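Just so you know, the protein sequences line up as chains A and B, in that order.
End of the first sequence sits at 226 in this note's numbering; the numbers just go up one at a time, nothing left out.
End of the second sequence sits at 1473 in this note's numbering; the numbers just go up one at a time, nothing left out.
Derived by calculation from the structure, the hints in this document are not laboratory data.
Keep in mind the model is a prediction, meaning the values are calculated, not measured.
Backbone N, C-alpha and C define an ideal beta-carbon position, used for all residues, glycine too.
One or more of the hints may lead you astray.
[Said to hold, decoys possible] DSS-like cross-link-like pairs, simulated, lysine-lysine; straight-line CA separation at most 25 Å:
| hint | chain 1 | residue 1 | chain 2 | residue 2 |
| --- | --- | --- | --- | --- |
| 1 | B | 1165 | A | 159 |
| 2 | A | 159 | B | 1166 |
| 3 | B | 1309 | B | 1043 |
| 4 | B | 1293 | A | 214 |
| 5 | B | 1293 | B | 1256 |
| 6 | A | 159 | B | 1256 |
| 7 | B | 1165 | B | 1309 |
| 8 | A | 159 | B | 1292 |
| 9 | B | 1309 | B | 1044 |
| 10 | A | 35 | A | 47 |
| 11 | B | 1444 | A | 10 |
| 12 | A | 10 | B | 1043 |
| 13 | A | 140 | A | 47 |
| 14 | B | 1386 | A | 72 |
| 15 | A | 177 | A | 22 |
| 16 | A | 72 | B | 1444 |
| 17 | B | 1292 | B | 1165 |
| 18 | A | 140 | A | 22 |
| 19 | A | 35 | A | 10 |
| 20 | A | 54 | A | 72 |
| 21 | A | 72 | A | 10 |
| 22 | B | 1309 | B | 1166 |
| 23 | A | 214 | A | 140 |
| 24 | A | 35 | A | 177 |
| 25 | B | 1043 | A | 140 |
| 26 | A | 118 | A | 10 |
| 27 | B | 1309 | A | 140 |
| 28 | B | 1444 | A | 214 |
| 29 | A | 140 | B | 1469 |
| 30 | B | 1444 | A | 159 |
| 31 | A | 54 | A | 35 |
| 32 | A | 10 | B | 1386 |
| 33 | A | 22 | A | 35 |
| 34 | A | 140 | B | 1165 |
[Claimed, not checked] Some chain B residues near chain A, calculated using beta-carbon distances under 10 Å:
| hint | residue |
| --- | --- |
| 35 | 1167 |
| 36 | 1168 |
| 37 | 1209 |
| 38 | 1391 |
| 39 | 1411 |
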Amino acid sequence: MLTIARLFGKSPFAPLQTHMDKVASCIGELPYLFKAFLEQDADAIQKIGEKISKLEHEADLTKNDIRNHLPKSLFLPLDRSALLDILSLQDALADQAEEIAHNAALLPVPLELIPEIKEDFSILCQKNVEIFRLARQVIKELDYLLECSFGGIEAEKVKGMVEQIAFYEYETAKIKKRLLKTFYSKGECLPHPAFHLGLILIEEIGNLAWLSEKLGNRIRMLLELH
Amino acid sequence: MGLALVLKALVLILGFYMAWNIGANDVANAMGTSVGSKALSLKKAVFVAAILEFSGAFFVGSSVSETIQKGIIDPAIFQADPMIFVLGMMGSLLATGILLQFASYFGLPISTTHAIVGAVLGFGAMIGGLHAIHWSEIGWIVSSWILSPVLSGIVAYLIFLLIQKKILFALNPVEATRRLAPFFVFMCFNVICLSLCYHGLAQADLDFPLSYAFSISCAISLAAALLSYTLIRNRPAASSLLESGFHPAQAVSLEKALHHMQRVHLSNRSDSHSTRISRILDEVRALSDDVKKEAPFQDSTTQYHSVEKTFVFLQILSACLVAFAHGANDVANAIGPVAAVLGILKTNEIAPHSAIPAWLLAVGGAGIVIGLATWGWRVIETIGSKITELTPTRGFAAEFGAAATILFASKLGLPISTTHALVGAVFGVGMARGLRALNLQTLKEIVVSWIVTIPLCAILSIAMFYLLKWILL
């Protein structure tokens, strides 16, 4: 008569964190990609891009696995929709990394023609990856949040982390604005396709911070703060 | 007189088998979590459970047993031929035993209580006619089957809400646990003492009126709470006040101050004070940021571990409570029919006021203990390894809710399913956002098997009755 034991379903939180780990391995490749991009190393870009693509696919498999094993009959301490939102935001981050990798491999952007943007560009890349790392920390805290039912000092801690993400996002937005300004003013010396691709890349890299902030805020909505 | 002796032996064996079955399968509900969280070793858990199951059965088991014995069907209907009643009760026991064996083989969530009530009901309605059944009593029992999981769920929900608001959401959870633990000890002892003192110690010729019983149990519980208070005090404390840096409480207070300042700032209409307010606001904001950086929010994980460690002791207490309540309620399933049969065989006529003899309750208790010792420990081990998710705080809330409900029902003489009460309590904790994932599918299975058990067992008991009649008479 193991009725009581059968009452406990398979928790989706561990797979959610596994998914985030896979997303992190995707985004962990981006710094190498940016380095190769700045060095105009087309071969390396190609290789890293393929690697990111593969990792993204793995993350997708985990994601589908979670979605398939999330029956309506599972009773969770948070809304199903919240869980699925978090999952799709994590997925969006992996997708964004893949997009960036694909676009970076499309055609060489002769950055040596506008050396002024190089520094800001690498700062932007670095900051965005950093913000993602913070968001990942928040997801790692999920275990402890469950332990204290989303309140108390643990919730305060997570709230602090989310606030930090928001602050960093604001800072990177400023960097992005400065970068865009230089890019537009010096853009004449670039061929049209390269200019356009540069804009897209800046936009997409900035999206990492934006998505990370959204993810943080989605977790923050679960907290019981007083 | 040869037949009577055979019947006597047979019914005792059947009753003992039922008690064995209850001990083997259901005690795990009480002790599983404590073994799973390594609060108790398996040996200790079996030992503690044996003592509490036995005392629950012996001291508080009589009122539910009387319900099964003569509350469901009116024995007076069978005045003309008491042997029919004897065979009917034996048939019910046999049917329940068979069904339970079948259920444990196929792993069906069948409740012993539902089975025995269904069996007695079936035989009574078939042989004695519909008027032989106390329908109002049946109404009470059935509504208690619906209400008991709900009630235990509500109690568990409230207890866990209390743990949440006062401990988990506190800025210093460890200190809050120290403060609240004696209160929980008081509650546990009060529940158990009250059920013992109020019409409980009848076996020991002690029977107090309610007010007297209440004050006695309060006094004992207070003593226990004081003892637990001193014990907790003596446990080495994690330093709550830091030598340097700020406390999380200070950070939160500052944040509140900031919040209020902002309100003042937003609602300010006069220009003359506006600069002053903004200056103070900026200062408070800067201070709050600094304090937040130094406040050790990072310790939260170790704090929660320490809370769970303290709750291990409370959870042992609540597990004992469940074991006691389980003994009190479920011994009736085995002993009730036996008492009915033995009462008749003694005098060869139906005595409407025969009480449950104390030795029979002891036999039932012993049967449960033997079932636990020979087989139940395996089930405890299995359950313990499967429900590690019920950590001490959650386990305490769920077990307290279930045990309080079961004891309450036992006092009212209502046979309820302990498993269902516990399931309700676990859901109560889940409702308070305490558990990671609960399977609603299992709930559906439980309800279905609840509905199926009763007619199935009724039919089976009628069949057994005719079989026994054909063999013995």
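Hints, one by one, checked against the model:
no.	hint	result
1	B:1165 / A:159	18 Å, holds
2	A:159 / B:1166	20 Å, holds
3	B:1309 / B:1043	20 Å, holds
4	B:1293 / A:214	23 Å, holds
5	B:1293 / B:1256	16 Å, holds
6	A:159 / B:1256	14 Å, holds
7	B:1165 / B:1309	18 Å, holds
8	A:159 / B:1292	11 Å, holds
9	B:1309 / B:1044	18 Å, holds
10	A:35 / A:47	13 Å, holds
11	B:1444 / A:10	17 Å, holds
12	A:10 / B:1043	30 Å, violated
13	A:140 / A:47	30 Å, violated
14	B:1386 / A:72	22 Å, holds
15	A:177 / A:22	30 Å, violated
16	A:72 / B:1444	13 Å, holds
17	B:1292 / B:1165	22 Å, holds
18	A:140 / A:22	13 Å, holds
19	A:35 / A:10	42 Å, violated
20	A:54 / A:72	31 Å, violated
21	A:72 / A:10	13 Å, holds
22	B:1309 / B:1166	17 Å, holds
23	A:214 / A:140	16 Å, holds
24	A:35 / A:177	21 Å, holds
25	B:1043 / A:140	37 Å, violated
26	A:118 / A:10	48 Å, violated
27	B:1309 / A:140	23 Å, holds
28	B:1444 / A:214	37 Å, violated
29	A:140 / B:1469	67 Å, violated
30	B:1444 / A:159	38 Å, violated
31	A:54 / A:35	20 Å, holds
32	A:10 / B:1386	11 Å, holds
33	A:22 / A:35	21 Å, holds
34	A:140 / B:1165	24 Å, holds
35	1167	8 Å, holds
36	1168	4 Å, holds
37	1209	38 Å, violated
38	1391	8 Å, holds
39	1411	24 Å, violated
This entry does not satisfy hints 12, 13, 15, 19, 20, 25, 26, 28, 29, 30, 37 and 39, going by the numbered hints stated previously.
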